[in-house]
Every structure is written in structure tokens, then in C-alpha cells.
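First to last, the sequence lines map onto chains E and P.
All residue numbers for the first sequence refer to the numbering used here, where the first residue is 1 and numbers rise by one.
All residue numbers for the second sequence refer to the numbering used here, where the first residue is 1 and numbers rise by one.
In short, the hints are calculated from the structure, not lab data.
Bear in mind the structure is a predicted one, so any value in this text is a computation, not a measurement.
Any given hint could be a false lead.
Intra- or inter-copy, both count: the list cannot distinguish identical chains.
[What the hints assert, rightly or not] Calculated cross-link-like contacts (lysine-lysine; reagent style DSBU-like; alpha-carbon spacing at most 35 Å):
| hint | residue 1 | residue 2 |
| --- | --- | --- |
| 1 | K15 | K187 |
| 2 | K310 | K187 |
| 3 | K280 | K85 |
| 4 | K325 | K113 |
| 5 | K303 | K317 |
Number of protein chains: 2
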Amino acid sequence: MAGFSAAVKPTPILKDELDIVIPTIRNLDFLEMWRPFFEGYHLIIVQDGDPSKTIKVPEGFDYELYNRNDINRILGPKASCISFKDSACRCFGFMVSKKKYIYTIDDDCFVAKDPTGAQINALEQHIKNLLSPSTPHFFNTLYDPYREGADFVRGYPFSLREGVATAVSHGLWMNIPDYDAPTQLVKPLERNTRYVDAVMTIPKGTLFPMCGMNLAFNRELVGPALYFGLMGDGQPIGRYDDMWAGWCVKVICDHMGWGIKTGLPYIWHSKASNPFVNLKKEYKGIFWQEEIIPFFQSVKISKDATSVQKCYIELSKEVKEKLGKVDPYFDKLADAMVTWIEAWDELNPSSAEKTAANGTAKAK
Amino acid sequence: MAGFSAAVKPTPILKDELDIVIPTIRNLDFLEMWRPFFEGYHLIIVQDGDPSKTIKVPEGFDYELYNRNDINRILGPKASCISFKDSACRCFGFMVSKKKYIYTIDDDCFVAKDPTGAQINALEQHIKNLLSPSTPHFFNTLYDPYREGADFVRGYPFSLREGVATAVSHGLWMNIPDYDAPTQLVKPLERNTRYVDAVMTIPKGTLFPMCGMNLAFNRELVGPALYFGLMGDGQPIGRYDDMWAGWCVKVICDHMGWGIKTGLPYIWHSKASNPFVNLKKEYKGIFWQEEIIPFFQSVKISKDATSVQKCYIELSKEVKEKLGKVDPYFDKLADAMVTWIEAWDELNPSSAEKTAANGTAKAK
């Protein structure tokens, strides 16, 4: 075997069960660096902005590419739920995928190195995270108990040690941290240099700021909850697409009894976006999140909501009722949430039943 | 300054505001290794077991030592709430201290090294943890936002960025992990070699297994909640002393609006305790914790409980009512909880009012 293995490339894990979704407005030269890790996988590229522009993809990658014309053609009037001129458009890629798992990454993210100097295979770590259980019901002080060399510590109830299905794996970023515009403005030179060698489950009942830069999830389990909202062109807000998806998916995972992990893997985030532009996109969000967070902290999903689609529709009604008062934008967003689910079910006809049957959902 | 500083030892931080509490049954040779870090501080040694035995303390340490005779003399009949032949006796040291902060450490814990090979000043890191705020209301994906080089990430509500007072700092262990007897039996050779460079707040509403090996807290804020229960001699259970204290203090901190941090610092835990002996001590706890955890997850403290003492007395009533059914032991424990508070207030007459006034308690 030893003489043999050097000549034959190992088959990438879950090669036929995972799509890599990349939203972009430019040539995908960044893929060169990812070649050793992504080459065996199928890519779904969602081209944002001017559809007449040609996006160059390096040789040797297996991909499909959708621009705005494709989105409009495929979804018809329902295309209104897919944002334009904002990376929120990535969720269109989630919808057209037919795979069980999704990894999504931004085109300004490169391969990071661990403290030994080795290149980090981010995708492999995400897959490990997704394939091992989560522990949202009790905190383990030695972090992910399923990692090699770790376990549940003394005092951890034995009845909870099986864990629950992991729905989302949220990876982090070396170099440019994911800061908001005010923090970017105040700390223009701050770089993340701390490599924290941990994966952990975000406890049930706790919200977190989900970043879409380096994110994987079980599409079969929670795909319909990963809607990135209405952002960018024609909308009063930007840069809250992933946050919105994160708050929704966390509340739904808590309801369905699934887990969300955060921590490893790191990618190298190369480019700080312009804080002045970001401030313009974010500033309404900075006010609104003060109302959105308490909303998601207290929102209740009924026992009848036994599928992600049902949870999401309930959530859209609550958004309309409770957040519609904050700004008319949320009325529009609530309608788009419904459109998203309709479009999802149209493109994924068996998904509604699948979701209900899958993952031994334990509704509260 | 450069030529000067080499000759003069720096004053240890909080030297006059912190006591180090050590429960022991043997000579404290382990302090030699801690000399550079502990020498300026006052030690409270709680001698467990045979009071006629002499415990040797290395030269140069400033300490007071209490054996069982001292405990009986000082507390009279209330001494019944202090465990014997179990490290739970350490909480007597918390009670007789007059300082604002406590650090407690086991005598089989040595100085650990960080990945660069440098000795870790565990106490200094605990003090950093206690003096910086906690963030129990929302999860920060880059861990403690108050650490150098870190901050709150995009999507973190600005209204929550002041944080809340930190009541407890829970440190971890390299080498021998804090496993229960079944895990020790199954994985006799497992050692913790993963240094996770993180400090984080345990979210509100989430319980955790608190280990007493390497623990610091703000005694002025939560001292009366750090009761280590009835364990060891004459009791049906052992090795749940710190767990009990951890569940109580977490529920009380959640109620009062204070935070608990876990992660750094690491100590080097040298000695695996005997798993067969441990199993004997633990086995009732292994059953009981399946009832205790749901109890603590659902217990409610009333708005009227505006001091830690009041919270603790309420909790003792709930323990009697709800856990008394599980085993008569919990009736006894509930009574001991009341005795503990009476003894605490006797030795700390101004503490009841202090606790109420302190730390801008925000009762739910």
C-alpha cells in the first residue's frame, strides 16, 4: 500500500454528496490556491452583478455557473427573493444544488496555515464537523467531545452523550477578522493572528453571528432555512444576509433538536472591505439588530412545525407581525421568505417530505 | 526603568485582594513549583482528614491552616455543613477568607507550559478573566472580545458590548483530563495535549460541569453560592462537590446577570485518581445527575431574590421539594445549604447587604 498510495490521489471525502457554492463578481483565480482541496468537487458559481460579464474559472474545475439572467429564467417571478449586487445571492446556489451537503466560501478567502505551518484543508474539517454529532444541551469544557484526544468531562450527563445531528459548521478567519464597519474604522490595523484549536457546539437557546464567508451545512437537513434575505440592490441594507440566515437557522435548529458548531476550520481572509462603504450598507442594520436579536431570542415555533419549511413559514409570519413595526422593509422580507420556500419546494419537490422524515427531528 | 526592573520584583496583581485556597491531606511540596507565582499571596490551607497530622508548607509562604478541629471550633454545630474526607472541605476556606477574590487549586496541579514552552502564570490569567467583563447574552465567534487582538464580530448587538461583571473564571487542565470514572476506565491512557488558546463566556441558560481543580471567583459577588455540598465521609456520594457548586452558581449568575468564563488558564494535572475508587464515589451521582441537570435547567428563582444568599435559600427549598423525591440525601443537602448560608453570614456579617448592593445585580 505504501508504494501504491503515492501514485494515486485519495478520493475526496463526500465527493458526490457535496457542492461548493461561490458567489462572485470577478475571475476565480483564488481557486488556484484551493486546487488540491477543491478539485474533486463540483462547484456552483453564482455570478453577481452584470450578467454580460464573463467570469473566468481556472482549468480543471467541474462547475456550473448561474448569472442573473439564469436566476430570472429559472425562478421566474419568484426570482424576486434572490438578492442582486450582494453576496446574499449565494443562496440561489443552495437551492439549485442536488447534494446533501454545501460548503460556501467567498472569493477573497485563501488557504490558511495552522501553527505548524501546514496548509489547512478547510473543507475536510467542515466535513468532520458535520459528520460528528453536536452537543447543544450541555456545555463541555474540553470543547468538541468527539474530537480525537477529547471526551466528555466529569459531570456531563450520560444520557446526552450521543449528541444530536449537526446541521451547520461555521468556520473562522485568520488575518482580516469579520468586523462591522464601526469596528473596522476604529481598528483599521487589527488582524486575527490567534489560532484557537477548538470546535464547539453553540448551546441551545443562544444566538450567534453567523458569517457566510466559510460555512458548511447539511442541505438535506436545514437547506430551506439558509435564506440570505433581501440585501443590496434596491434594498435599504446590506451585509446582514448571513446574519439573518444565522439567526433563522439557529432558532430552527433549536426547535428541531439539531446542532450548530463553530470554530475550526480557519481560512485566510485576504481583503478588508471598505469600511466607509460598509457603514453605508450596515447602518440601518446596526439599529435594527437591537430589535431583531430580542425578537429571535423570544420567538416561539409551534409543535406543529415538524419540517424546516413549516418552521420557516411560521417564522416569516412572526417577522411580519413583530418586526414589520420596526420598518416596512421587514414586511417585504417576510414576503420574500415565503417566496423563497415556494421556490425551494418547486426546485426540490421531494424536500418537504424528506425534511420531515430526516434526522430524527425532535420538536420541542 | 529597564535596568531597574530586573532587580525589583513586580508587585503581584491584587496581592491584598486575593486568597489562594488549597484543600489537602499531605505536605505541600507542590507549592515549590508555584513559588514564582504564589509567593506574594496569602494562602488558606484547609487540611482534610486526620487533624493530628502535620502538614508541611514550604518556607516563605504566608498562610493560615485550618484542620477539622479548627472548623468544628469556629463553626460549632454549623460545622456539619462542611464535608470531611473530601476536597469539598475547600469551601470552608472561602468562608473564612476576607478577600474580594479567591483562587483555589488542587495539590496535584503543577505549572503548565504554553505551546512556546513558557510557564503559564495561571493566577494572572484568572485575574485577567475576572477583571474583564463577560458576555452571556450573545455568542461571540472570536471568543473573549476583551482579549488583546480580539473584538466583537459583525452582527454583535452594540447594546451588549459593555458586557456584565464576571463572577467565576474556570480554568482547564493539560495532561490528565477531568474525566469521570467510566471514561477513565475506558480510556486509561488518554492525556489532554491540546492547548486551546481561548477564554469564553458560558452563555446564559447553559449549564456546565465546573471543576474545582483550577478555579477563581469574585467572592464578594458570588462567594455564598460556592458551597461544595455534602460529600465524602458519612455521605453516599463523592466527586460531585464542584459540580454541585457549579450548577448552583451558574443558575444564580444567570439570575443576577453575571457571567462565568471558561478556558485559559491551563494547569498541569499530574495525578490520575484511581478510577475504581472514583467509581465507588461517583456511581450514585451518575444516576442522580440525570435528574439534577433537568432540575437546574428548569429551576426558577423569584424576582425577590436580590442577593446571592436569598437566591441560595430559594434554591435550597427547590432542592428539597424537587430532588428530595430522588433520594433522602437531597433533603439533608438542602438543610446543609441553609446551614452554609447561616454560617457564611455569621462569619461575614456585612456580606448580605454587600451582595445586594454590589455589581449592579440585574434580577430577571
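Quick rundown of the hints versus the structure:
1. K15 / K187: Between copies only: 34 Å across, 40 Å inside.
2. K310 / K187: For K310 and K187, neither the intra-copy (42 Å) nor the inter-copy (44 Å) Cα distance is at most 35 Å.
3. K280 / K85: Within one copy only: 14 Å inside a chain, 64 Å across chains, cut-off 35 Å.
4. K325 / K113: Classified as neither; 46 Å inside a copy, 55 Å across copies.
5. K303 / K317: Classified as both; 16 Å inside a copy, 33 Å across copies.
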